[in-house]
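Novice: Below are the chains, spelled out letter by letter.
There are 2 protein chains.
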Amino acid sequence: MERTKSRRRSRETRGTRTAQPTPAYITRTIPYYEFLNEEGLVKLEDQADWLIQEIGLEFREDPIALDIWRKAGADVKDTRVRLPKGMARSLCKTAPAKFTQHARNPARSVEMGGGSTVFAPVYGPPFIRCLEKGRRYGSMADLENLVKLTYMLPALHHSGLVICEPCDVPVNKRHFDMLYLHMRYSDKPHLGAITEMSRAEDSVAMARILHGEDFVAENCVIMGNVNTNSPLLVDKVVTEAIRTYSAAGQGMIVAPFILGGAMGPVTTAASIAQAFAEAMMCCAFSQLVKPGSPFILGNFLSSMSLKSGAPTFGMPEPVSSNYIIGQLARRLGIPLRCGGSLTASKVADAQAAYESADSMHSTALGGAHFVLHAAGWLEGGLSTGYEKLILDADRLGAYQKLLSGMPDDDNAFARDAYHEVEPSGHFLGCAHTMANYETAYYDAQMSDSESFEQWSERGEKDAQTRAFERWNAMLTQYEAPPIDPATDEALRDYVARRKNEMKDAWY
Amino acid sequence: MERTKSRRRSRETRGTRTAQPTPAYITRTIPYYEFLNEEGLVKLEDQADWLIQEIGLEFREDPIALDIWRKAGADVKDTRVRLPKGMARSLCKTAPAKFTQHARNPARSVEMGGGSTVFAPVYGPPFIRCLEKGRRYGSMADLENLVKLTYMLPALHHSGLVICEPCDVPVNKRHFDMLYLHMRYSDKPHLGAITEMSRAEDSVAMARILHGEDFVAENCVIMGNVNTNSPLLVDKVVTEAIRTYSAAGQGMIVAPFILGGAMGPVTTAASIAQAFAEAMMCCAFSQLVKPGSPFILGNFLSSMSLKSGAPTFGMPEPVSSNYIIGQLARRLGIPLRCGGSLTASKVADAQAAYESADSMHSTALGGAHFVLHAAGWLEGGLSTGYEKLILDADRLGAYQKLLSGMPDDDNAFARDAYHEVEPSGHFLGCAHTMANYETAYYDAQMSDSESFEQWSERGEKDAQTRAFERWNAMLTQYEAPPIDPATDEALRDYVARRKNEMKDAWY
Chain A
54 MERTKSRRRS RETRGTRTAQ PTPAYITRTI PYYEFLNEEG LVKLEDQADW LIQEIGLEFR
114 EDPIALDIWR KAGADVKDTR VRLPKGMARS LCKTAPAKFT QHARNPARSV EMGGGSTVFA
174 PVYGPPFIRC LEKGRRYGSM ADLENLVKLT YMLPALHHSG LVICEPCDVP VNKRHFDMLY
234 LHMRYSDKPH LGAITEMSRA EDSVAMARIL HGEDFVAENC VIMGNVNTNS PLLVDKVVTE
294 AIRTYSAAGQ GMIVAPFILG GAMGPVTTAA SIAQAFAEAM MCCAFSQLVK PGSPFILGNF
354 LSSMSLKSGA PTFGMPEPVS SNYIIGQLAR RLGIPLRCGG SLTASKVADA QAAYESADSM
414 HSTALGGAHF VLHAAGWLEG GLSTGYEKLI LDADRLGAYQ KLLSGMPDDD NAFARDAYHE
474 VEPSGHFLGC AHTMANYETA YYDAQMSDSE SFEQWSERGE KDAQTRAFER WNAMLTQYEA
534 PPIDPATDEA LRDYVARRKN EMKDAWY
Chain B
54 MERTKSRRRS RETRGTRTAQ PTPAYITRTI PYYEFLNEEG LVKLEDQADW LIQEIGLEFR
114 EDPIALDIWR KAGADVKDTR VRLPKGMARS LCKTAPAKFT QHARNPARSV EMGGGSTVFA
174 PVYGPPFIRC LEKGRRYGSM ADLENLVKLT YMLPALHHSG LVICEPCDVP VNKRHFDMLY
234 LHMRYSDKPH LGAITEMSRA EDSVAMARIL HGEDFVAENC VIMGNVNTNS PLLVDKVVTE
294 AIRTYSAAGQ GMIVAPFILG GAMGPVTTAA SIAQAFAEAM MCCAFSQLVK PGSPFILGNF
354 LSSMSLKSGA PTFGMPEPVS SNYIIGQLAR RLGIPLRCGG SLTASKVADA QAAYESADSM
414 HSTALGGAHF VLHAAGWLEG GLSTGYEKLI LDADRLGAYQ KLLSGMPDDD NAFARDAYHE
474 VEPSGHFLGC AHTMANYETA YYDAQMSDSE SFEQWSERGE KDAQTRAFER WNAMLTQYEA
534 PPIDPATDEA LRDYVARRKN EMKDAWY
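First to last, the sequence lines map onto chains A and B.
Counting from 54, one number per residue, gives the positions in the first sequence under this note's numbering.
Counting from 54, one number per residue, gives the positions in the second sequence under this note's numbering.
No lab work stands behind these hints, which were simulated from the structure alone.
A few of these clues could be false.
[Stated by the list, open to error] Taking lysine to any residue pairs in the SDA-like style, the calculated list, with each CA pair at most 25 Å apart, reads:
no.	chain 1	residue 1	chain 2	residue 2
1	B	K130	A	R511
2	A	K146	A	G345
3	B	K186	A	K138
4	B	K138	B	A125
5	A	K514	B	S361
6	A	K146	A	P159
7	A	K130	B	R468
8	B	K146	B	S361
9	B	K186	A	S504
10	A	K514	B	K514
11	B	K186	A	W508
12	A	K130	B	E473
13	B	K186	B	D230
14	A	K124	A	S143
15	B	K514	A	E513
16	B	K552	B	I536
17	B	K186	A	R511
18	A	K138	B	H472
19	B	K146	B	K343
20	B	K226	B	E164
21	A	K138	B	K138
22	A	K186	B	E513
23	A	K514	B	I536
24	A	K151	A	V129
25	A	K96	B	S361
26	A	K343	A	N464
27	B	K96	A	N464
28	A	K138	A	V342
29	B	K146	B	I121
30	B	K343	B	G386
31	A	K186	B	E506
Could you put together the complete structure from these sequences and hints?
Specialist: In structure tokens form, the structure reads like this:
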């Protein structure tokens, strides 16, 4: 087994890994897990249709959105929009079942839909945590670190956007610096801003500088990610984002965030159907804005603690919902965003890992195409963990291997090895082992599998401590991907000019 | 949501939970995950047939076993046993697809096979670890604690046997005390000893005292659990255990333990097929000993660290093998033991939990019927963790909920609630929520879902710390299940008499 040799090589590369020539995204070869049967799925679809037809959705704060619905023939009363049965589903038909989000490095472009899976880091936490400094508000310096780490972690295929909220920069100017960080310090695909229409427009404008106007006119290079205001309320953050991104032919992700018992009924079947109805209506709206524009159906369900009423994560009900929404999305033929490495834990402890793993296992087998929050999430999404990011990302590599299936060619069955190794012998040094051991198993970076004695000699470091050392070492090794200097300058000019046009706003 | 009320109740019951009137085992209502298609499964079965027919298995140290094979028509050369294609599978047909292991409390009897899942604690670690005292050799006092905790934890359906190795009692006398602990301090089903034939016989003898000779003659009340000596070697520990337990109509579990690259080829397909061949041959042997005797097909595959050659757990290759062996076992029609909360981590940290969760998620969806090592496993099985036991067991309750499926009756779709709660409203106080919130979601005991501030005020306790407090509190609340005093005395007499017949042996 050449233990010494393989250990030495591992030591040399530890902490020095920059973005590897790994696949830009996962192409699954294994089946989906089908949790519900046909009868169960039809019940959920009927409930979604009933909600859209009988209860309807509120579209507030955006009269243009209501005009679009009216022109399409919807039943619009005040701000309530109802559609006859089947109309929402029918409108969704122009949305592509699969599309490419192009990265500035073409080798990192990702497919959304079909058998693909794309992992992106956590999105939105105002707080940040690391082992040394504990928990504090996120800063732009933290976000820069997180963009760099995400770039270096091979199982994160996508850079996301708000890996933490950079609270030290004015609210109305943050998006410029955030976008610049992603565009300059990574060459993985990323998301755009959504909180105000002008910020969405800035995002598309900067994408045009980075990718070229002609390319952006014909291709998806950026996406907006929004939540509905469940239950059944779609506000202008959603419709204006759609009217910006979709109108420009860019991608939209709409994810109802439903804490069961609060923003939806406390029963899982009802919450899944409601989320599906809300997302399907937004997809339909996006297709009215621009038929054929890329759309990702989002889903985010959490359960509730009986003790405190607080949201809980990684529990069996949201785990089953990941499987079920996957089935519904495939029947609708729209790419899916769901799941993630979710937890209510405040630190990267056992609770965090159990909850994240069950959430991610179902996310992966259930068939999510785009997985936001796949790494770094803590505390119900209120905090980004540096160590959690590192530990989650290592497990994402394991899902990448799992989804790629099990080889079953002649080499995999190793018949020659059984002639070389007699019963009761061992395979450690046999030719088949030597030829295969370097690729046979997933090479986890953060799992300590050495003996108790070795682990003890090295200071009894737990996973969190090892992850702390790892991300610090990684940052010292970071090298930025190349960028055309003229493009870089044009991006900086755009940011400087636009910032100059506005006063600082802190809320 | 009556937060105060529900929190108060939770506080009152925290740490005071004795064995609850929960189901004695899980009855799944959701499908299995079918990882491989028909073609892939046939390839694996062909490989297993090829191994049995062409390579053969060694049956060593037990001439009686070879006689049994010879009489059955096997090709026996020296100690090598080969069967013509199809013979092993054909012999397995008399093994029941489903059987009951009876507990001394009939309400705790478990079904093995069909849609059932039975969780049992870790088996065999010589070391024990807790947060206060660290790692040391296991003792009989530790085992007593672990039997009591297993009895009290509602998601552990089965008491196992060697929850830790009681290293402070002579090797040849341990099994008496171990069996007595399980028989006296729990009323859940348990396993018997296997290390020598006389110890297996003692186990069956004590079971006859506990359950009555007539009952044991007709029913399975105890099972032996053994490993083959992979690759392809079956020693007398296995055959003598089968010749004791199976002959008495009791259950046998044979689990090949294959560290890929050592006891089997480094490729997963070959290791799965080898494990299947070994277990199937042992099942066939058990049916030659006594047709119709209950048998559980075992499977234990681990992958290997590229860094050190050490076994790794919870990695994608053994995770996929849990799914695949489930398919193979169902096609053979024999109950399956596989998986568990496995990890190489030395402590109950994030590594331990990630690895355990992925291992268990696949164990659950893959359809294992009997899950040894479902709680408490650390360090590749070298150490039992008190905290790990508590944390794992809490997650087992989540799998119990997941496997029970999602309700989709009218109540689950909550249409009335949408008339009570308008779009943009909230469901917190509505009639449907009040009627359902106590049962809607899994009530995890060990997950902290409270706010950062609440968690911080209470001392920033991580999962391991909370688990330490929990098991200590539980032990102060333990109450032994009732036992007939005459039975108890007869058990004690048997133990005393048999111990008297032998000198202490320490190896």
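Novice: Could you run down the list of hints and mark each one as holding or not?
Specialist: Consistency of the hints with the structure:
no. : hint            : result
1   : B:K130 x A:R511 : 51 Å, violated
2   : A:K146 x A:G345 : 9 Å, holds
3   : B:K186 x A:K138 : 64 Å, violated
4   : B:K138 x B:A125 : 14 Å, holds
5   : A:K514 x B:S361 : 17 Å, holds
6   : A:K146 x A:P159 : 28 Å, violated
7   : A:K130 x B:R468 : 21 Å, holds
8   : B:K146 x B:S361 : 42 Å, violated
9   : B:K186 x A:S504 : 19 Å, holds
10  : A:K514 x B:K514 : 18 Å, holds
11  : B:K186 x A:W508 : 17 Å, holds
12  : A:K130 x B:E473 : 19 Å, holds
13  : B:K186 x B:D230 : 24 Å, holds
14  : A:K124 x A:S143 : 16 Å, holds
15  : B:K514 x A:E513 : 19 Å, holds
16  : B:K552 x B:I536 : 23 Å, holds
17  : B:K186 x A:R511 : 19 Å, holds
18  : A:K138 x B:H472 : 19 Å, holds
19  : B:K146 x B:K343 : 12 Å, holds
20  : B:K226 x B:E164 : 31 Å, violated
21  : A:K138 x B:K138 : 58 Å, violated
22  : A:K186 x B:E513 : 14 Å, holds
23  : A:K514 x B:I536 : 46 Å, violated
24  : A:K151 x A:V129 : 31 Å, violated
25  : A:K96 x B:S361  : 52 Å, violated
26  : A:K343 x A:N464 : 50 Å, violated
27  : B:K96 x A:N464  : 13 Å, holds
28  : A:K138 x A:V342 : 21 Å, holds
29  : B:K146 x B:I121 : 18 Å, holds
30  : B:K343 x B:G386 : 18 Å, holds
31  : A:K186 x B:E506 : 17 Å, holds
The earlier numbered hints that this structure contradicts are 1, 3, 6, 8, 20, 21, 23, 24, 25, 26.
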